[in-house]
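Asks: Starting from two chains that each stand alone, build the complex the way the hints lay out.
Line by line, the protein sequences are chains A and B.
Count the first sequence with our numbering and you get residues 1 to 110, in order.
Count the second sequence with our numbering and you get residues 111 to 339, in order.
These are calculated hints, taken from the structure and not from any lab test.
Heads up, some of the hints might be wrong.
Taking lysine-lysine and the DSSO-like style, the derived pairs with C-alpha atoms no more than 27 Å apart in a straight line are [said to hold, decoys possible]:
| # | chain 1 | residue 1 | chain 2 | residue 2 |
| --- | --- | --- | --- | --- |
| 1 | B | 142 | A | 31 |
| 2 | B | 206 | B | 331 |
| 3 | B | 142 | A | 59 |
| 4 | B | 208 | A | 31 |
| 5 | B | 120 | A | 86 |
| 6 | A | 86 | B | 290 |
| 7 | A | 31 | B | 235 |
| 8 | B | 235 | B | 120 |
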Amino acid sequence: MGEVHAVLLVAVIALVTAAIRFLPLFLFGRKGEPSPFISYLGDTLPYAIIGMLVVYCLKDVSFLECPYGLPEIVSIALVAGLHLWKRNTLLSILGGTALYMVLIRQFGAF
Amino acid sequence: MKRIGLLALKKTIPVMGTYVTLGIGFGMLLEKNGFGVWWALAMSVFIYAGAMQYVAVGLLASSVSLLSAAFTTFTVNVRHFFYGISMIGRYRETGKAKPYLFFALTDETYSLVCTDDELQEADRKRYYLLLSALNQSYWVCGCVTGSLLSSAFAFDSAGIEFSMTALFVTVFLEQWMGGKEHGPALMGIGISALCLLLFGGEYFLIPTMLLTAAGLALYRKRKQRGEAR
Numbered sequence: 001m002g003e004v005h006a007v008l009l010v011a012v013i014a015l016v017t018a019a020i021r022f023l024p025l026f027l028f029g030r031k032g033e034p035s036p037f038i039s040y041l042g043d044t045l046p047y048a049i050i051g052m053l054v055v056y057c058l059k060d061v062s063f064l065e066c067p068y069g070l071p072e073i074v075s076i077a078l079v080a081g082l083h084l085w086k087r088n089t090l091l092s093i094l095g096g097t098a099l100y101m102v103l104i105r106q107f108g109a110f
Numbered sequence: 111m112k113r114i115g116l117l118a119l120k121k122t123i124p125v126m127g128t129y130v131t132l133g134i135g136f137g138m139l140l141e142k143n144g145f146g147v148w149w150a151l152a153m154s155v156f157i158y159a160g161a162m163q164y165v166a167v168g169l170l171a172s173s174v175s176l177l178s179a180a181f182t183t184f185t186v187n188v189r190h191f192f193y194g195i196s197m198i199g200r201y202r203e204t205g206k207a208k209p210y211l212f213f214a215l216t217d218e219t220y221s222l223v224c225t226d227d228e229l230q231e232a233d234r235k236r237y238y239l240l241l242s243a244l245n246q247s248y249w250v251c252g253c254v255t256g257s258l259l260s261s262a263f264a265f266d267s268a269g270i271e272f273s274m275t276a277l278f279v280t281v282f283l284e285q286w287m288g289g290k291e292h293g294p295a296l297m298g299i300g301i302s303a304l305c306l307l308l309f310g311g312e313y314f315l316i317p318t319m320l321l322t323a324a325g326l327a328l329y330r331k332r333k334q335r336g337e338a339r
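Excised from the complex, chain B in its bound form (with noise of 0.2 Å):
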């Protein structure tokens, strides 16, 4: 049991590095434009989304409807429903602990529950839980400091936003580094940058979805054609 935990905490120790220090950046984004800590702790519990959440400052500061945020939510976390889907069989035995899984499915986490292969059945359903809950810890952790660091010290924290630009830059490069093809990346940069061409920067988001959807569909018949060739 004890081994269980030491080998979680071993393994989101480089996600806690992450996580604390983008949340101390979000912290004090959040903090900049008006929201104090308690908005920080109640984000980055039940939000609990690290892209969303810096989302979530822009459409706090420009007090968007909530129509609108409830579709740029959608468009920027939809990949989370492709991540659930293929935990479905992992997380099938997992009793009470399923829903918060689900609920803490990020990208880290979804990371590293893909890679544990040598942990015995027994052990899973308390790993998944533990690797969950940490990283979660490691996250509310920073966004609170970062909040509190930001009101304590009056320091000119212009910038910082650009940790997360920063973050899906390397998100992007291991993504390209593993993966066999590269056409779903690369459709994702075009249509997105010419979607903000045409659309403009507050409406892109949604277009740019149905667009790589259909996109992608047709970059499956090409393939299966090329296949059965």
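Next comes chain A alone, as it looks inside the complex (with noise of 0.2 Å):
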């Protein structure tokens, strides 16, 4: 693919980011407070997109073909158990990540 396009589509990533976390500052910098709808979004909204982000990450597995996303169930499965009895981030993600690399090798192969 081009390098050209390459250079644009991280300029436009960086510029959507950009714009959007500058966009409160420009709205509401100075004065005025947002909406109650608006706030409501504020808290409640993040909570939903987390979740949507966990689905996003999913979105290429084949559950209905071998091995149907095992991998990825097993390896949530110990990132979420990790995560409950030790509550620390760090060994969550990597403890998670780990047995995904070894279960991909694993089991790829079928």
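Replies: Right under this line is the structure:
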């Protein structure tokens, strides 16, 4: 693929990301308060979006074909288990990722 | 002054671990897809959004259109708009540092800034700035290190992308344990799973976003009616 297109892609992603982050400053930076509905979305939408991002990470997993998403399911279970037990983000991520990397090597060849 | 620096450093140590690890994962993934260390550096400086950078590797690898990249970026990052909204008051008196503080408001920085209760007013600006800059420096170091490691040693990093999934699972659990109501979190999972089935992996983010906003509006109405009763 073209180098120029790749540079443009990174630029677009950077600009959109920055625009989203600066928008509150432009809208309410000097004075004014967000409407109650916007504040409500601010309280709830981030929760929904983290849920969406978990699903997004799994979008390319085919649960109907072997290995039926088992590496993902088992590794997520380990992440959740570790996290509920120790509540240490780094440990949960390292443990789950290490298991996943082992599992896809063991079972990826079916 | 020194005290504020030490406090910021202490507070950001857990983020250092996470950012360096995830950054290394990102740098490796990027390098594996044919984009070297300068890409890792530029992306971690100018985009500086962990989830989006992982997503961006996929967008770069499949060379999607600019418009489609813009939509995907919007959906993945729109939560930062709401983080910003809730920081308006806190960041009001930060002067020249203000634009950078808003730019650097990642998930982790947001949650650190939200827990700053013991600070005096005079120290806050410096503290926020240090916190934000330290976090970004960890992230940049991680991304660059990952890219360099991956190009220096030919090892098989397949599966490293799972670190992003693992991060979101831990954030999800943290929010679940900290939050009073679980409706929005469940809605996020349910609606996106449904849209993924209906629209497929490439197009499901936009409908998910719209349906979630609509769903939350209904949820709010129902709750208000419930409270009025």
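Asks: Between residue 120 of chain B and residue 86 of chain A, is the straight-line Cα distance small enough, at 27 Å or below?
Replies: Cα-Cα ~20 Å, so holds.
Asks: Residue 206 of chain B and residue 331 of chain B were given as a pair; does the straight-line alpha-carbon distance stay at or below 27 Å?
Replies: Given pair residue 206 of chain B, residue 331 of chain B is violated - Cα atoms ~40 Å apart, limit 27 Å.
Asks: Is residue 142 of chain B within 27 Å of residue 59 of chain A, Cα to Cα?
Replies: It holds: about 20 Å lies between the C-alpha atoms, which stays within 27 Å.
Asks: Assess, step by step, whether the Cα of residue 31 of chain A is no farther than 27 Å from the Cα of residue 235 of chain B, and give holds or violated.
Replies: holds, 19 Å
Asks: With the threshold set at 27 Å, check whether the alpha-carbon distance from residue 142 of chain B to residue 31 of chain A stays at or below it.
Replies: violated, 47 Å
Asks: Taken at face value, is the distance from the CA of residue 290 of chain B to the CA of residue 86 of chain A at most 27 Å?
Replies: holds, 21 Å
Asks: Assess, step by step, whether the Cα of residue 235 of chain B is no farther than 27 Å from the Cα of residue 120 of chain B, and give holds or violated.
Replies: holds, 17 Å
Asks: Regarding the pair residue 208 of chain B and residue 31 of chain A, is the alpha-carbon distance no greater than 27 Å?
Replies: holds, 15 Å
Violated hints for the displayed structure, listed by number in ascending order: 1, 2.
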